[in-house]
Amino acid sequence: LAKTTQPISMDSYEGQEVNITCSHNNIATNDYITWYQQFPSQGPRFIIQGYKTKVTNEVASLFIPADRKSSTLSLPRVSLSDTAVYYCLVGDQYGGSQGNLIFGKGTKLSVKP
Amino acid sequence: KAGVTQTPRYLIKTRGQQVTLSCSPISGHRSVSWYQQTPGQGLQFLFEYFSETQRNKGNFPGRFSGRQFSNSRSEMNVSTLELGDSALYLCASRSVEKNTEAFFGQGTRLTVV
Chain R
1 LAKTTQPISM
11 DSYEGQEVNI
21 TCSHNNIATN
31 DYITWYQQFP
41 SQGPRFIIQG
51 YKTKVTNEVA
61 SLFIPADRKS
71 STLSLPRVSL
81 SDTAVYYCLV
91 GDQYGGSQGN
101 LIFGKGTKLS
111 VKP
Chain S
1 KAGVTQTPRY
11 LIKTRGQQVT
21 LSCSPISGHR
31 SVSWYQQTPG
41 QGLQFLFEYF
51 SETQRNKGNF
61 PGRFSGRQFS
71 NSRSEMNVST
81 LELGDSALYL
91 CASRSVEKNT
101 EAFFGQGTRL
111 TVV
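First to last, the protein sequences are chains R and S. By the count of this note's numbering, the first sequence reaches residue 113 at its end, each step adding exactly one. By the count of this note's numbering, the second sequence reaches residue 113 at its end, each step adding exactly one.
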C-alpha cells in the first residue's frame, strides 16, 4: 500500500473552512483515496472516498489533482464537534490481499470557539 | 442494518491472564480486521480474517491470535496479558465490493492491572 504523509495537527476556529492535505507519492493506478474521522474512544468513521478530481458529499469535499500524488480533505464551516483525528488512506478498492487497511498517525484537528 | 458489535465494551484483567474479545460484523460482510489503539502508537493493525481464514497479519507477538466463524463473527484472544496490552481494541468489517470502506465497532477497552 502507498505510504501517506499528513500533518500531525491543525487548529481552526468555528465557522472556518479547514483543508487537510495528504501526500501519497507512490499511489498505484488501482488505488483509491479514503478519509476517516475518529473521535476519542470511538472507532474511525468513513468520511469520503475518491479516485480523481473532486468528490463531494454532505460532510466534506475531496480534491485530487491530476497526478494523484496528494489529496485535500476540505471541511466547510467547521464546528466544535468536528474536533477529531482525520486519517488518509490509499488502497485498492476491490478485494484481494491488498485490501489491508493501514492507518497512519492521522491529523488531529482542534476546533476552537 | 445493524452495525458492528463488539463485546464486551470494557474489561479489566490481571497480568498473566488471558482474554477473548468478540466482534460481530455487519451482515454480509466477510472481512473482519482487528486493531489495537494506544495513545503512543496510534491505530495498529493486528490481523484480518476473510471467510474464516487469516488473510493478513500485523507485527504483533504470537500471544495475539484470532479466528473467524462461518457466520463471519470473529474473536481475538490475548494470552499471558502484559500491562502494555492495555488499549482500545477495535474491530472493522468490510464488504468485498467496497474494500476500502471499513465500518468500525465501538471497541473494547481493555485494562491490564
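Misleading hints may appear alongside valid ones.
Claimed, not checked - Straight-line C-alpha distance at most 25 Å; calculated DSS-like pairs for lysine-lysine: (1) K69(R) with K13(S); (2) K52(R) with K57(S); (3) K57(S) with K105(R); (4) K105(R) with K98(S); (5) K52(R) with K112(R); (6) K112(R) with K69(R); (7) K57(S) with K112(R); (8) K3(R) with K13(S).
To be verified - Covered stretches of chain R, going by a simulated chain S footprint (3 or more residues, C-beta under 8 Å): (9) 41 to 52; (10) 102 to 108.
No lab work stands behind these hints: they were computed from the structure. Note that CB positions come from ideal geometry on N, CA and C, so glycine has one too.
Hint by hint, here is what the structure shows:
no.: 1; hint: K69(R) with K13(S); verdict: violated, 45 Å
no.: 2; hint: K52(R) with K57(S); verdict: violated, 30 Å
no.: 3; hint: K57(S) with K105(R); verdict: holds, 19 Å
no.: 4; hint: K105(R) with K98(S); verdict: holds, 23 Å
no.: 5; hint: K52(R) with K112(R); verdict: violated, 32 Å
no.: 6; hint: K112(R) with K69(R); verdict: violated, 31 Å
no.: 7; hint: K57(S) with K112(R); verdict: violated, 39 Å
no.: 8; hint: K3(R) with K13(S); verdict: violated, 36 Å
no.: 9; hint: 41 to 52; verdict: holds (count 7)
no.: 10; hint: 102 to 108; verdict: holds (count 5)
Comparing the model with each numbered hint stated earlier shows that hints 1, 2, 5, 6, 7 and 8 do not hold.
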